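**Q** Residue-level listing of the chains:
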Amino acid sequence: AQTVTQSQPEMSVQEAETVTLSCTYDTSESDYYLFWYKQPPSRQMILVIRQEAYKQQNATENRFSVNFQKAAKSFSLKISDSQLGDAAMYFCAYRSYNNDMRFGAGTRLTVKP
Amino acid sequence: GAGVSQSPSNKVTEKGKDVELRCDPISGHTALYWYRQSLGQGLEFLIYFQGNSAPDKSGLPSDRFSAERTGGSVSTLTIQRTQQEDSAVYLCASSPVWETQYFGPGTRLLVL
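The listed protein sequences derive, respectively, from chains B and W.
Be aware that the first sequence starts at 1, since it is given in my numbering, and climbs by one per residue.
Be aware that the second sequence starts at 1, since it is given in my numbering, and climbs by one per residue.
Next up, chain B with everything else stripped away, as it sits in the complex (with noise of 0.2 Å):
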């Protein structure tokens, strides 16, 4: 079964620097898809960036980029800017070909003004 691991149970940024959330993942597929979910604490699920095994080029959605290693089994978040807005959980997910989909224990993010 596929694992994600996300090693850092908390990061702090200070607002308007750059922050990178790790994530790595275990498998032995070739298609998939990589996802990070933001939950506030109002809990809803957000999804900020999503990232397709087979595109070499990393996903950017504004001010949030990945940087994608598919050897290496790695899925990386970066913010830039940090805005006050983006304090919250951060979830790395991993979803197979079959629909399959895996989370991450998540990363809390605190963003100092």
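Simulated from the structure, these hints should not be mistaken for lab results.
Among these hints, one or two may not hold up.
[Unchecked claim] One side only, chain W facing chain B, incomplete, derived with CB under 8 Å:
hint, residue
1, Ala-31
2, Tyr-33
3, Tyr-48
4, Leu-91
5, Thr-100
6, Phe-103
7, Gly-106
Computed from a predicted structure; not experimentally measured.
Ideal placement from N, C-alpha and C gives every residue a C-beta, glycine not left out.
Model the placement of chain W on the given structure of chain B, informed by the hints.
**A** Relative to the frame of chain B, chain W by itself:
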């Protein structure tokens, strides 16, 4: 447009009682997922529906848990003879096949 909705938003029950949690997916989404999130923890996969069938029930923690989906739309997660360790937030998500999952707001279950 309407997102994924879940009801009730909060449920308090006594140990040993049965509870039903409901999920209304986004119209047209064929895939539906149930997850459990304990306090401060990540998401634990419970079950996945493709249409009305559940090809993967491997995540259901015990035979007290069951789920069904009718008409390819609404899904109900039932927990029988609830235990205190069942207390958690139960999240539902839906998606078109092979696409991004969209989550509901969750049901917070507290078993006393």
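**Q** Evaluate each hint against the coordinates.
**A** Hints, one by one, checked against the model:
no.	hint	result
1	Ala-31	holds, 6 Å
2	Tyr-33	holds, 6 Å
3	Tyr-48	holds, 6 Å
4	Leu-91	holds, 7 Å
5	Thr-100	holds, 6 Å
6	Phe-103	holds, 4 Å
7	Gly-106	holds, 5 Å
In summary, this structure violates none of the numbered hints.
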